[in-house]
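Novice: Taken in sequence, the protein lines are chains G and V.
Letter by letter, the first sequence follows residues 1 to 166 of our numbering.
Letter by letter, the second sequence follows residues 1 to 166 of our numbering.
These are computed hints drawn from the structure, not numbers from a lab.
Some clues are possibly wrong.
Capping the alpha-carbon separation at 27 Å, the derived lysine-lysine pairs in DSSO-like fashion look like this [claimed, not checked]:
#	chain 1	residue 1	chain 2	residue 2
1	G	LYS28	V	LYS159
2	G	LYS89	V	LYS21
3	V	LYS89	V	LYS157
4	G	LYS157	V	LYS163
5	G	LYS21	V	LYS21
Here the structure is a predicted model, which is why all the values come from computation and not from measurement.
As a plain string of letters, each chain reads:
There are 2 protein chains.
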Amino acid sequence: MIKVTLLVLLVLVTVSSTYGKYIPKSGKRIPQTLSRGWGDQLIWAQTYEEALYWSRSRNKPLMAIFHLEDCPHSQALKKVISEDNEIQKILDEDFIILNLVYETTDKHLSPDGQYVPRIIFVDPSMTVRADINGRYSNRMYAYEPSDLKLLMTNMKKAKKLLKSEL
Amino acid sequence: MIKVTLLVLLVLVTVSSTYGKYIPKSGKRIPQTLSRGWGDQLIWAQTYEEALYWSRSRNKPLMAIFHLEDCPHSQALKKVISEDNEIQKILDEDFIILNLVYETTDKHLSPDGQYVPRIIFVDPSMTVRADINGRYSNRMYAYEPSDLKLLMTNMKKAKKLLKSEL
Numbered sequence: 001m002i003k004v005t006l007l008v009l010l011v012l013v014t015v016s017s018t019y020g021k022y023i024p025k026s027g028k029r030i031p032q033t034l035s036r037g038w039g040d041q042l043i044w045a046q047t048y049e050e051a052l053y054w055s056r057s058r059n060k061p062l063m064a065i066f067h068l069e070d071c072p073h074s075q076a077l078k079k080v081i082s083e084d085n086e087i088q089k090i091l092d093e094d095f096i097i098l099n100l101v102y103e104t105t106d107k108h109l110s111p112d113g114q115y116v117p118r119i120i121f122v123d124p125s126m127t128v129r130a131d132i133n134g135r136y137s138n139r140m141y142a143y144e145p146s147d148l149k150l151l152m153t154n155m156k157k158a159k160k161l162l163k164s165e166l
Numbered sequence: 001m002i003k004v005t006l007l008v009l010l011v012l013v014t015v016s017s018t019y020g021k022y023i024p025k026s027g028k029r030i031p032q033t034l035s036r037g038w039g040d041q042l043i044w045a046q047t048y049e050e051a052l053y054w055s056r057s058r059n060k061p062l063m064a065i066f067h068l069e070d071c072p073h074s075q076a077l078k079k080v081i082s083e084d085n086e087i088q089k090i091l092d093e094d095f096i097i098l099n100l101v102y103e104t105t106d107k108h109l110s111p112d113g114q115y116v117p118r119i120i121f122v123d124p125s126m127t128v129r130a131d132i133n134g135r136y137s138n139r140m141y142a143y144e145p146s147d148l149k150l151l152m153t154n155m156k157k158a159k160k161l162l163k164s165e166l
């Protein structure tokens with residue numbers, strides 16, 4: 001009896017939530033998120049222009065993640081970043097964040113090439129922090145899942161704004 | 001008994017889905033969507049660069065919607081567009097779509113200013129179709145909810161690609 005009730009409930013909920021709405025031929029899709037799995041609770045800028053504007057107006061550094069959804073290195077890094085509550089908290093409170101699956105036209109965001117995953121910090125003064133890099137000399141802005149501590153150190157570096165260093 | 005079972009189930013589901021995950025101080029948030037309410041079932045480009053690339057490579061026109069989440073005119077237009085299954089279907093199948101709450105650096109996307117809501121069509125040849133406009137001479141690319149038929153006509157115009165007209 002409980003099973004039947006639950007089933008009827010489920011069917012009713014399913015029907016009422018999709019009734020009359022557009023469904024693609026290929027079947028219902030899960031709505032795309034701006035986080036793309038890097039932190040569903042965080043507030044992501046949609047574009048680099050938006051991120052720069054937020055960074056300047058809120059005086060917070062920008063952390064830009066370049067990645068690809070079907071790249072296993074990107075996926076591995078995404079998993080550890082999205083599951084690390086300390087990083088998520090700092091990103092939420094102290095950073096403007098942007099994740100892009102497509103390169104921008106701004107060459108400053110690819111100081112040593114357009115590989116993924118790549119993490120670039122930008123100061124609120126709109127200066128790309130090319131001095132804040134990872135441990136790989138051939139791909140200076142790449143991070144592996146084991147580099148999470150280094151990433152955290154770099155985030156703390158980025159929080160010391162250029163202006164306040166002068 | 002059923003009520004108790006359902007309650008226990010609900011509590012279990014709630015606990016298991018949030019256990020250990022980062023929750024902002026201000027409380028749990030609803031993940032941001034790329035659709036921002038303009039059509040959750042559609043596949044949206046994140047940035048203008050991405051949209052242009054898709055448009056060229058798939059030979060489909062781009063429809064770019066500029067809007068603001070707290071603008072009542074944007075909200076009204078969003079409601080009618082997201083609820084019109086015919087428009088949703090055409091957008092899904094025949095267009096590359098992008099909705100932006102922040103202006104790009106490309107002046108071609110604001111032929112007569114940066115107001116919202118504003119709908120700009122771009123041909124796969126990367127030509128902004130300034131000739132496809134709405135009914136208001138002071139804001140040529142603005143549409144009101146009552147202009148849905150005109151929007152549909154304009155979408156059909158945009159589907160006739162510039163190249164094939166030559």
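Novice: Against this structure, judge whether each hint is valid.
Specialist: Structure-based check of all given hints:
no. : hint                : verdict
1   : G:LYS28 - V:LYS159  : holds, 25 Å
2   : G:LYS89 - V:LYS21   : holds, 11 Å
3   : V:LYS89 - V:LYS157  : holds, 16 Å
4   : G:LYS157 - V:LYS163 : violated, 51 Å
5   : G:LYS21 - V:LYS21   : violated, 32 Å
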